[in-house]
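Engineer: Sequence:
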Amino acid sequence: MGFKVLLSPFVYVYHGLLAILKSIGSFFKYVFLGIVAFPTMLVRLFTNNKSNSKVTLASKKTNNNYKKTDMLLAEHEREKSKKEAEEERLRKFNQEIREKKAQKSLNDYIMDTSKLEDKTADEHLDKVGNKVLSFSDKIKNLFSTILGGGGQVKDKYQDAEEMVINYEGPEAEKTKTKQTYEYIARTLDGQVVKGYFAAFSLVEVHSFLKSQGYKIYSIRTNRWINLTYGNVGGTHDKFKTSDLIFFLAQVSTYLKVGIPLAEAINILTKQFKNKKYKRILSTLHYDLTTGRSFSEAMAKQESAFPNLLINMVKTAEMTGELPEILDDMEEYYTEMEETRKAMITAMMYPAIIFVIAIGVGTFIMLYVVPKFIEIYETMDNATIPGITLAVLALSEFLQKYIIYIGISTVVILIIIIYLYKNVKAFRKTFQNFLMHLPVFGDVIIYKEVTTFTKTFSSLLSHNVFITDSMEILNKVTNNEIYKELIYSAIDKISQGKSISSAFKDQWAFPIPAYEMIVTGERTGQLSEMMQKISLYYQDLHKNSVTRIKTFVEPALIIMLTVMVGVIVLSIVIPMFSMYSQIQA
Numbered sequence: 004m005g006f007k008v009l010l011s012p013f014v015y016v017y018h019g020l021l022a023i024l025k026s027i028g029s030f031f032k033y034v035f036l037g038i039v040a041f042p043t044m045l046v047r048l049f050t051n052n053k054s055n056s057k058v059t060l061a062s063k064k065t066n067n068n069y070k071k072t073d074m075l076l077a078e079h080e081r082e083k084s085k086k087e088a089e090e091e092r093l094r095k096f097n098q099e100i101r102e103k104k105a106q107k108s109l110n111d112y113i114m115d116t117s118k119l120e121d122k123t124a125d126e127h128l129d130k131v132g133n134k135v136l137s138f139s140d141k142i143k144n145l146f147s148t149i150l151g152g153g154g155q156v157k158d159k160y161q162d163a164e165e166m167v168i169n170y171e172g173p174e175a176e177k178t179k180t181k182q183t184y185e186y187i188a189r190t191l192d193g194q195v196v197k198g199y200f201a202a203f204s205l206v207e208v209h210s211f212l213k214s215q216g217y218k219i220y221s222i223r224t225n226r227w228i229n230l231t232y233g234n235v236g237g238t239h240d241k242f243k244t245s246d247l248i249f250f251l252a253q254v255s256t257y258l259k260v261g262i263p264l265a266e267a268i269n270i271l272t273k274q275f276k277n278k279k280y281k282r283i284l285s286t287l288h289y290d291l292t293t294g295r296s297f298s299e300a301m302a303k304q305e306s307a308f309p310n311l312l313i314n315m316v317k318t319a320e321m322t323g324e325l326p327e328i329l330d331d332m333e334e335y336y337t338e339m340e341e342t343r344k345a346m347i348t349a350m351m352y353p354a355i356i357f358v359i360a361i362g363v364g365t366f367i368m369l370y371v372v373p374k375f376i377e378i379y380e381t382m383d384n385a386t387i388p389g390i391t392l393a394v395l396a397l398s399e400f401l402q403k404y405i406i407y408i409g410i411s412t413v414v415i416l417i418i419i420i421y422l423y424k425n426v427k428a429f430r431k432t433f434q435n436f437l438m439h440l441p442v443f444g445d446v447i448i449y450k451e452v453t454t455f456t457k458t459f460s461s462l463l464s465h466n467v468f469i470t471d472s473m474e475i476l477n478k479v480t481n482n483e484i485y486k487e488l489i490y491s492a493i494d495k496i497s498q499g500k501s502i503s504s505a506f507k508d509q510w511a512f513p514i515p516a517y518e519m520i521v522t523g524e525r526t527g528q529l530s531e532m533m534q535k536i537s538l539y540y541q542d543l544h545k546n547s548v549t550r551i552k553t554f555v556e557p558a559l560i561i562m563l564t565v566m567v568g569v570i571v572l573s574i575v576i577p578m579f580s581m582y583s584q585i586q587a
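The sequence shown begins at 4 in the numbering used here and counts up by one.
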């Protein structure tokens, strides 16, 4: 349907061409009839000339032969009339034949034209669409011969020589920061590919590609390449949680079956279709082949991997339990992702209802209410209810300032978002306000407690020092209130006090959670107790979100109903007043 709507302008073009064809057909019709009638005109002209000549000859003979009688003249006239009658009959017969042929040709033309007109617009659209698609296929085929998909380029390097570099020349000089290099090489399966790789020198790129078994044709870099394809694995490239879960599951599986880590990362590079992920994993694989540890290679990718994961991998490298920790991290991020999706799903319907309510109310105020203003202007203000006057005033206000209201709303939202991301004091104040809201504040607190205790439990269970765990927790959370609690805990620990003392009498940390931490410290099972706290508050968080959804959905529907009802009543009530005045 969308494709037909897109091609609807071609329908009008088609009908215009059809009208032109009809006019051309009519023109050729009359030309054809004229051509057919032309022989008849010649016959008639020839017959008249012949008759005139005979009359002249007869008159000459009469003048020269005065002795002929009137009987011969009368006989000549009879022969003349007989011949004219025969010629007239023959002419009429030929004319009927020509008219029948012309009518048959005209009927055939009309039938062909009606067949064209009987075609539906859909058929013409399909025909035009098929032509467009065939044209686009030709364009695709043309480009496919020049530039193939998946980074493949036209194989013009069939007889090209492999690139040779001097490992002790300028190519080996390292830059202070990573540069993005563009390379063209032939893979092991014979495909010529173009790619981008971040490194400190051209030699590093060449060595990495050679380690992959590539046949290298060119490696280059310039400002344009760095500007367009720079920041490989940098701050703008970050794994989504769902893709990170897949990454952890695959790496853990490969390690368990005995595949080396570098080879496992190389396999994953081929599995991901996302170009950014490919660049991150290629750089990660290169760092691993140069002797860096897994955690160091991940840390070099800046924000591509979470800080928690990097620190857990660092711990695993010391304990030799990398597959197990990767499995734990997969489970951890899976639970966090499920909680996030559950909250988004729960708030999706109320958000849609809210947007619809605002849209419907604005539409009525801008386009429906103004239609009644002219009617109400004929009424005395004393007979118009106050609610109607208020609605009319609001409608007039929105008509005048709706554009300014929209622009102001967008600007305010942008300013709030900017301040929230960049100004710590504003972010803390805003979070403090949200956490003190009824119902909604509990959801935020339960989420933060769940994240804190789950992460803390995972760190402690893998023998990460408490001080290091607190530093990692400080990087995991974005809530400034909890950052202060963690800083307080670090300070208490440095003074030789217990962890629980930092969370005592804190409004943002529930009392049951505090008591369970105290119990864990006394029994020496702090990790297990943290795990139980996380499970308990995770359930509370889900239940709170469900309650909010159950409360907000009917509340928004009632709000929409009341809003529309008030507007309608404000319009209808004066109508009854006018009707009463007319009857009186």
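It should be emphasised that the hints constitute simulated quantities derived from the structure, not laboratory data.
Don't take each hint at face value.
[What the hints assert, rightly or not] The following label-pair restraints were derived from C-beta to C-beta distances: (1) Thr480 x Tyr404: 38 to 46 Å; (2) Ile347 x Pro515: 23 to 31 Å; (3) Ser411 x Asn435: 24 to 32 Å; (4) Leu191 x Val442: 35 to 43 Å; (5) Glu266 x Gly362: 22 to 30 Å; (6) Ile355 x Lys273: 38 to 46 Å; (7) Lys273 x Pro326: 16 to 24 Å.
[Stated by the list, open to error] The calculated lysine-lysine pairs, modelled on PhoX-like cross-linking and capped at a C-alpha distance of 25 Å, are: (8) Lys344 x Lys179; (9) Lys495 x Lys535; (10) Lys241 x Lys303; (11) Lys243 x Lys545; (12) Lys243 x Lys281; (13) Lys486 x Lys431; (14) Lys344 x Lys177; (15) Lys424 x Lys243; (16) Lys495 x Lys507; (17) Lys535 x Lys344; (18) Lys344 x Lys259.
Since this is a predicted model, take the numbers as computed values, not measurements.
Note that beta-carbon positions come from the ideal geometry of N, C-alpha and C, so glycine has one too.
Engineer: If a hint holds in the structure, say so; if it doesn't, say that too.
Structural biologist: Do the hints match the structure? See the list:
1. Thr480 x Tyr404: 38 to 46 Å: Given about 41 Å between the Cβ atoms, the range holds.
2. Ile347 x Pro515: 23 to 31 Å: holds (27 Å)
3. Ser411 x Asn435: 24 to 32 Å: holds (26 Å)
4. Leu191 x Val442: 35 to 43 Å: Given about 59 Å between the Cβ atoms, the range is violated.
5. Glu266 x Gly362: 22 to 30 Å: violated (55 Å)
6. Ile355 x Lys273: 38 to 46 Å: holds (40 Å)
7. Lys273 x Pro326: 16 to 24 Å: holds (21 Å)
8. Lys344 x Lys179: It is violated: about 42 Å lies between the C-alpha atoms, which goes past 25 Å.
9. Lys495 x Lys535: Distance ~24 Å between Lys495 and Lys535 Cα, so the pair holds.
10. Lys241 x Lys303: At roughly 13 Å apart (the allowed maximum being 25 Å), Lys303 and Lys241 satisfy the hint.
11. Lys243 x Lys545: OK: Lys243 and Lys545 at ~22 Å, within 25 Å.
12. Lys243 x Lys281: holds (14 Å)
13. Lys486 x Lys431: holds (10 Å)
14. Lys344 x Lys177: violated (45 Å)
15. Lys424 x Lys243: holds (20 Å)
16. Lys495 x Lys507: holds (12 Å)
17. Lys535 x Lys344: Holds, at about 22 Å.
18. Lys344 x Lys259: violated (30 Å)
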